[in-house]
Amino acid sequence: MSAPRVLMITPDFPPQRGGIQLLAHRIAAHLRESTVRVLTLGHAEAGPWDRREGLDVVRVAGEGSHRADVARLNAAALREARRFGPDVVLCMHICVAPAATAIRQAFRVPVLTYMYAREVAASRRLAELSVRISDRVVAISRYTARIAEDLGARRVSLITPGVDAEPATSGSTQRLQRPTVLTVSRMTERYKGHDVMIRALPLIRTHVPDVQWAVVGDGALRGSLQRLAEANGVADAVLMRGAVDDAERDRWLDTAHVFAMPSRVPAGDRAGEGFGIVYLEAGVHGLPVVAGAGGGALDAVLDGRTGRLVDPSDHVAVAGAISDLLTEPAAAARMGEAGREHAREFAWPRIADRLQELITESAGRG
Amino acid sequence: MNAEIVHRGPDDAGVHVDPGSGVALGARRLSIIDLADGHQPVINETGTVAGALNGEIYNFESLREELLRAGHRLRSRCDTEVLVHLYEEHGPDMVHALEGMYAFVIWDAQRRRLLAARDRFGEKPLFYVARGRELVLASEATALTRTGQASSAVSAAALDEYFVLGYVQAPRSIFAEIRQLPPAHLLTWSQERPHPSVTRYWSPPAPSGEPTEEPFAELVDEAEELLARSMRGRLHADVPVGLFLSGGVDSALVGAFAADQISGTLKTFTVGYDVGGTSEAVPARALAAALHSDHHELVLTGSEMAVRAPATLARLDQPLADQAFVPLHLLAAQARREVTVVVGGEGSDELFGGYPRVRWMDLAGRMARRLPDSALRSVGAASRRLPAGGRAGRFAQMLATRSLAERHLGCVTAGRPGTRASVYGPALAPLADSDLARGWGVEQVPGRHAAADLMRLDQTRWLPDDVLAKADRATMLTSLEMRTPFLHRELGEFAASLPAETHLADDGKAIVRALVRRRIGPEFAKRAKRPFAVPVGDWLRGSLGATLGEQVAGSALYRDGWFAAEPVGRLLAAHRRGEADHSAVLWPLFSLGCWWEAQE
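Chains as they are written, first to last, in the numbering used here: chain A, 1 to 366; chain B, 1001 to 1600.
Simulated from the structure, these hints should not be mistaken for lab results. Since the structure is predicted, the reported quantities are computational estimates derived from the model, not experimental observations. Where hints are given, some of them may not hold.
[Unchecked claim] Selected chain A positions facing chain B (Cβ under 10 Å, derived; list incomplete): (1) ARG199; (2) ARG205; (3) LEU228.
Note that the Cβ used here is the ideal one computed from N, Cα and C, for glycine as well.
Bound-form chain A, shown alone (with noise of 0.2 Å):
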């Protein structure tokens, strides 16, 4: 059999920036034994970047609000699906299964659809919808597996996201004088544990005093956090980045001593990290990690080995494992190894073939 056609359909795509985006771009750029189309929402900067990048994308008008453009990305999946003839298509969000269940119908063609997690609690009749019509769903860890099979899916696949393997900075890795935790994350939702990191701090203070934490990212939470830290008495150990370039961020990792982003699960029925895949690119920069005991940091974090699983709502719990790991660097570095080590089993290459066994064997049947 030839190299299956995949139809990618993808709200998210680069140039826009963010996980299921970069998710999306590797997996289309590493499916190496087919042939795949992306389907997805323009973008101001996106013909230049399409033209570096070399990949078939075809792109809809989207200049709407982000619900018209998603209803016009399913009306044109149709129409591009009549013309390329997939023999998979690929979903890479359940906001697009309204398409997927017509091409199914119209073409006979196997759907595979992947989950995160956040999305499934915010719209629950797509992601029913999905399960419905999914020969085969993707979770990318295996919390968000568990979530799928209670909404009923059968064929659940775990194949987590991957990580560029090679950093793009990866020549300097000489750490910072100032002792540095670093935490990459936008400051939106609250389940992310920044308030943790900063009731953490005085603590951390007490064995390695001049340490700092250092975050990179932005978002409404921004303000609040920052009043956190003045109220703990923390702010001028505080240092936050805001939303940086990916050198910046990259510079972060490499320069920081650790990693840590004690996410929760959230309160209320909502869903928290689907898999954690900063963790991942935590390690690849070789730094060890503290994560919380629960959601997808389990499948992104190995215990003891890569960096220490905590229950993240206990600040004093995370405080004990961020000072052990300033304060045994040699630990640490083991640690920060095994992290690079754990890191490249998740190489995109790896992961993309992992998918590309799944498409082959649905193509076969389909």
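Place chain B on chain A using the hints.
Only chain B this time, still in chain A's reference frame:
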């Protein structure tokens, strides 16, 4: 001094003396967890660190785990032992690990350093007197005066503050020589540098002025999760736990969580009055039925109050004009027959925006900024012609007041600042114009909502010095421990991260009301805030008025020139004849008079 505070801990007592330094720690214990092994003070294995704790550390079990992991050896399941080892691990920064209500003292014999701290919201009191190379601390100010450790001379400034506000603000105490450690503060003292250093280790985060982008339902989820976590810590006890049920939304919500989390039937306690219109008993009964609790109701009659109030107020540690103190203490005494620990809804109003006046004052301030001075003067004049105590009159009065701090003071004290000139005697008269709002840090700034500042003010002043002082004193006098699930550090930080308008929607306490709707039912979420739930006006017209009359005629409070007998007597007579309601002035004087006599 241990003998002076037996009511705080009738089950056990201990003293530790460090012979090398002459430092002694004493403690009394009310046994709640680890009934057998909780003896205090606790001393570490090497005898170098000793600690005594008043209150509870709710996260002591996870702290214990963390300390064991770090190599400490602990012998008991008691939170005081955790404190001692936590001090070894973190020094004074240990306070950042604590979640609870506490005042504690730690003596480090090696460094010859003493550390004392008070919890973040001010649930447990701590008083001290520093004189030369001496420092004496106690949970009660009167434990210091009665044992001769401090003079019982009162402070005129504190008396002025008391008359206007109804309570004394930390760091002052009613006694000139005694200081009170404010909430969320640390005191360190060493024999080398004997002047105590007092520093703040936490403050409620400054509120946001921006509207939040987070969906309201997610905020309610977050509050529910934090409150559930808070309850788990606060229901942990090896003795029976009950609930003070007021009929309002706060204790209702605490009750809903408690009923879910405890094994067995929840015991609930409510106080009601025989005078009509002010009883909480009826709504509390409906709530108790919804919670399936074992409900107990105390009905206080005017004649019972006449007998019990003077003696109860005499047992206050510092004067307090809160009208609910006596009923709360009598309810606590009833509850103590059934339980050792109670939970209550205290703190919800201050953290979650329960006071409607906050919104009114904010609105008045924004309107006043647009009006010229002449218009405001007319409004002020008109307000004096409107019925006293009526809504329109109060709002007009707010509008006519330029400064936000004055507006707040006038509102929460029912206008007492303006009566000082007439009721103060010669000893207090120089203070009749003192600016008590100085240092409050509230001012109306164009473009900013004043509501958030006012909520913060309530949280940092009124909450510790009135609400929590009342709750602690009313319960501990009868050896009952009160725990307050709303005063959870993370819940407080969460509440402060939201803009005032989120809290003030839905007639105030929007998040609490949403949770009551979710956990109990919509019919229980509607209860409005009642400004006066205690019928003191009626009581003062009865025999309590006669007692006040005796004070005016014979007490040293008037004889020594603190207050002027003649104008107070006139107000009392008018009140008793039913010509006007002067209880806002008379009750603080009555309560003070009862306390004063006990000091003599």
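Could you tell me which of the hints above the structure violates, numbers in ascending order?
-> none
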